[in-house]
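So you can see what is in the structure, the chains are spelled out below.
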Amino acid sequence: MRFTIKHEIRNRMRIHLAMKRMSFREADTFDYYLKNFDEIREVKVYERTADAVIVFDCDRSRVKDIVKDFSFDDIQVPERVFECSGRELSAAYYDKLVTTVVMHFAKRLVVPFDIRRIWDTAKTLGYIWRGLKTFKNGQLQVEMLDAMAITAAILTGDHNTASNVMFLLKIGDTLEEWTHKRSVDDLARRMSLNIDKVWMLTDDGEILTDSSKIACGDIVVVRMGNMIPFDGEVTSGEAMVNQASMTGESVAVHKSISSSVYAGTVVEEGEITIKVTQTEGCGRFDKIVKMIEESEKLKSSVESKAERLADRLVPYILLASGLTWVFSRNVTKAVSVLMVDYSCALKMSMPISVLSAIKEASQYDITVKGGKFLEAVAEADTIVFDKTGTLTKAKPTVVRVVAFCDESEDELLRQAACLEEHFPHSVARAVVDAAFDKGLMHDELHTNVEYIVAHGIASEIEGEKAVIGSFHFVFEDEGVVIPDNRKSIFDTLPDEYSHLYFAKNGRLAACILIEDPMREETRATVEKLRAQGFKHIVMMTGDSERTAAKIAAEAGITEYYAEVLPEDKAGYVEKVKEEGRKVIMVGDGINDSPALSASDAGIAISDGAEIARQIADITIGSDNLESIAILREISTLLMKRIKFNYRTIVGFNTALIVLGITGVMPPATSAMLHNGSTVVLGLKSMTDLLPNKAV
Amino acid sequence: MKLKGLGIFALGTLFGLEGIKVLSSKDAKKVYTHCTAGVLRAKDSVLDQVTVLQENCSDIYEEAKAINEERAKKEETAE
Chain A
84 MRFTIKHEIR
94 NRMRIHLAMK
104 RMSFREADTF
114 DYYLKNFDEI
124 REVKVYERTA
134 DAVIVFDCDR
144 SRVKDIVKDF
154 SFDDIQVPER
164 VFECSGRELS
174 AAYYDKLVTT
184 VVMHFAKRLV
194 VPFDIRRIWD
204 TAKTLGYIWR
214 GLKTFKNGQL
224 QVEMLDAMAI
234 TAAILTGDHN
244 TASNVMFLLK
254 IGDTLEEWTH
264 KRSVDDLARR
274 MSLNIDKVWM
284 LTDDGEILTD
294 SSKIACGDIV
304 VVRMGNMIPF
314 DGEVTSGEAM
324 VNQASMTGES
334 VAVHKSISSS
344 VYAGTVVEEG
354 EITIKVTQTE
364 GCGRFDKIVK
374 MIEESEKLKS
384 SVESKAERLA
394 DRLVPYILLA
404 SGLTWVFSRN
414 VTKAVSVLMV
424 DYSCALKMSM
434 PISVLSAIKE
444 ASQYDITVKG
454 GKFLEAVAEA
464 DTIVFDKTGT
474 LTKAKPTVVR
484 VVAFCDESED
494 ELLRQAACLE
504 EHFPHSVARA
514 VVDAAFDKGL
524 MHDELHTNVE
534 YIVAHGIASE
544 IEGEKAVIGS
554 FHFVFEDEGV
564 VIPDNRKSIF
574 DTLPDEYSHL
584 YFAKNGRLAA
594 CILIEDPMRE
604 ETRATVEKLR
614 AQGFKHIVMM
624 TGDSERTAAK
634 IAAEAGITEY
644 YAEVLPEDKA
654 GYVEKVKEEG
664 RKVIMVGDGI
674 NDSPALSASD
684 AGIAISDGAE
694 IARQIADITI
704 GSDNLESIAI
714 LREISTLLMK
724 RIKFNYRTIV
734 GFNTALIVLG
744 ITGVMPPATS
754 AMLHNGSTVV
764 LGLKSMTDLL
774 PNKAV
Chain B
3 MKLKGLGIFA
13 LGTLFGLEGI
23 KVLSSKDAKK
33 VYTHCTAGVL
43 RAKDSVLDQV
53 TVLQENCSDI
63 YEEAKAINEE
73 RAKKEETAE
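If you're matching them up, the sequences are chains A and B in order.
The working numbering puts the first residue of the first sequence at 84, with every later residue one more than the last.
The working numbering puts the first residue of the second sequence at 3, with every later residue one more than the last.
In case anyone wonders, no lab produced these hints; they're calculated from the structure.
Check each hint, because a few of them may be wrong.
Take a look, some chain B residues computed to stay more than 10 Å from chain A by CB distance [claimed, not checked]:
| id | residue |
| --- | --- |
| 1 | Leu13 |
| 2 | Leu19 |
| 3 | Val24 |
Simulated crosslink set (DSS-like; lysine-lysine; CA at most 30 Å straight-line) [claimed, not checked]:
| id | chain 1 | residue 1 | chain 2 | residue 2 |
| --- | --- | --- | --- | --- |
| 4 | B | Lys45 | A | Lys253 |
| 5 | A | Lys179 | B | Lys76 |
| 6 | A | Lys658 | A | Lys611 |
| 7 | B | Lys28 | A | Lys103 |
Where is the CB? At the ideal position from N, CA and C, for every residue including glycine.
The following block holds chain A by itself, in its conformation from the complex:
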């Protein structure tokens, strides 16, 4: 495509394509095309001007060739790219902001004063309504003060001030809404990119298939903890499905044969087979967004305490205003106290601080669902780790298979893998990988997979009942016996590995020894967290006491609980919360989701089960545990910044009030200083909290 270079420095180029304007789709297409080249480091496409900024690591002629080769018609862009682009959303808010600013100033030039007055008065009614609504809860909140200030300004005939205050409040609201939408969007984008494989049921059994290859009419199996990828109809099985994304209802709904299920909802328990009625492009992304928003609503209040700090000031300001009137008998002065608007400054700087912290966290591969959780992370003194996949590497490995029957070890591993394949847990994945590495392919041998969370799986292989899972599950719940002649082998099984027991027909067939190496950074992270003020660092695991003790010692953790069940984890979290402490839970899989949602801030490792990521308040990248320490640091610094902002705003503006009342400073100067300080604080709040960015 033809283009011109508008600006160029080394390794950066701004070009203009030979067209007047791009549609959102075209801009996304061009963006997608450019980003596919390794030598292009960064791209920003401006659809409005058909310009693009390209940052590259290669010769400039190469970039020119790349752009020259581009054509809108030749390139195939996956529909998902458009669905997730967020370009339209940004454009809409950008549009809204600029329009608000332009209209505010243009109105003064064009619209006659009287009409403006009527218009502003009408708008004031809206604010009064908002103020009264908060008053109904029996609390004095900032909205009330805003309403009073605006009304007072209107009544005293100071229309410019009234419209300025309304203007600033509107800008603050829009910014807040935009940034919130964007962070939800970012999150949804990550999540929607993650569900790309589904189990398709064919005549030869279940096959793991790319979800883009699924067509209407295909049969798909969805199991516990996973998201239903498409709209469809249940053909067999039963499940409890969480439909919060569709209905906002947090209680799971029972689904059985011939009920409809919807894309983006999650199977909480059970297993269903569905016939797909609608494939890609059915707005899965939108549904995820909706689900996140709903889950936020369910958590009583979205706003963090920091965002409501301003409320505390309301009674004092009213008091000050009253006193001023009592002493000076001057209405204008009393009103001027109301008018010094702490709330504007606070309303602008708080969300900006919180959101820039969330953005900064995302640079470290940490996704935070709301400012409230950063607050919880900063205040927590207890952190609970699930062992497997969290303290240890995300991928445990099979060391050895010890046979307890006459079948070969490889054959046993093959059968175990066949069962474990359906279980979204890292230990299960290890077994599957081990079988794959040995080239042990399998057809689906078993019939029906039943789930029993955290303990293991029960099924049937060639007519024999087969179970696989922990000691507790296999021996205590299922009553499996050890073949008499192999008891000595059982007693000498090495302790340093986790044991996974595989039994057929009530007799132990094999013990799979699993090594779950600790992450290199675990010890350092634990030390760091302790230095950061966590008093209780706790490890929870379903493993035996001995394995747990060994891992805990290695990680430098003194408090640990072995052989715990999922409900125990949540119970522990609840207990600690009752003691009045704040708890962070870190986990990865299905079996810690109750604990994740019970905690003040649930942190999920991002390659764990789908449901963990949905319930969790914070998601961290899978490759580095240290991000928890970084997160804590960001949160602490954020709280510091918020407190600093609060004190500065209150102190500075109070000084302005005093100077104004005593007549030392003329109103114009104090207004300028007030607005100036608001802008400076806002800008400062946008800067990074951590001094140097890790790359």
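Guided by the hints, dock chain B onto chain A, whose structure is given.
Frame of chain A; chain B shown alone:
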């Protein structure tokens, strides 16, 4: 005085009879539509200008950064 009052009254009556019709006529509607379109165009061109401004600002910023990097490098080699 009386005459002026009468005149205003007459004008008012005339407006009541014909003016509303004129203001809500098809032609008038065309005028409103065009005016609205004009306002929207104006807004759009303001948004264009803001984008252009933003692009140029980031050009300047990036180039300034590049200049400083260059300088720092030179100083380093000089030492």
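Status of each hint after checking the structure:
{"no.": "1", "hint": "Leu13", "result": "holds, 22 Å"}
{"no.": "2", "hint": "Leu19", "result": "holds, 27 Å"}
{"no.": "3", "hint": "Val24", "result": "holds, 22 Å"}
{"no.": "4", "hint": "Lys45(B) to Lys253(A)", "result": "holds, 19 Å"}
{"no.": "5", "hint": "Lys179(A) to Lys76(B)", "result": "violated, 45 Å"}
{"no.": "6", "hint": "Lys658(A) to Lys611(A)", "result": "holds, 25 Å"}
{"no.": "7", "hint": "Lys28(B) to Lys103(A)", "result": "violated, 33 Å"}
The structure fails to meet hints 5 and 7 from the earlier list, while all remaining hints are met.
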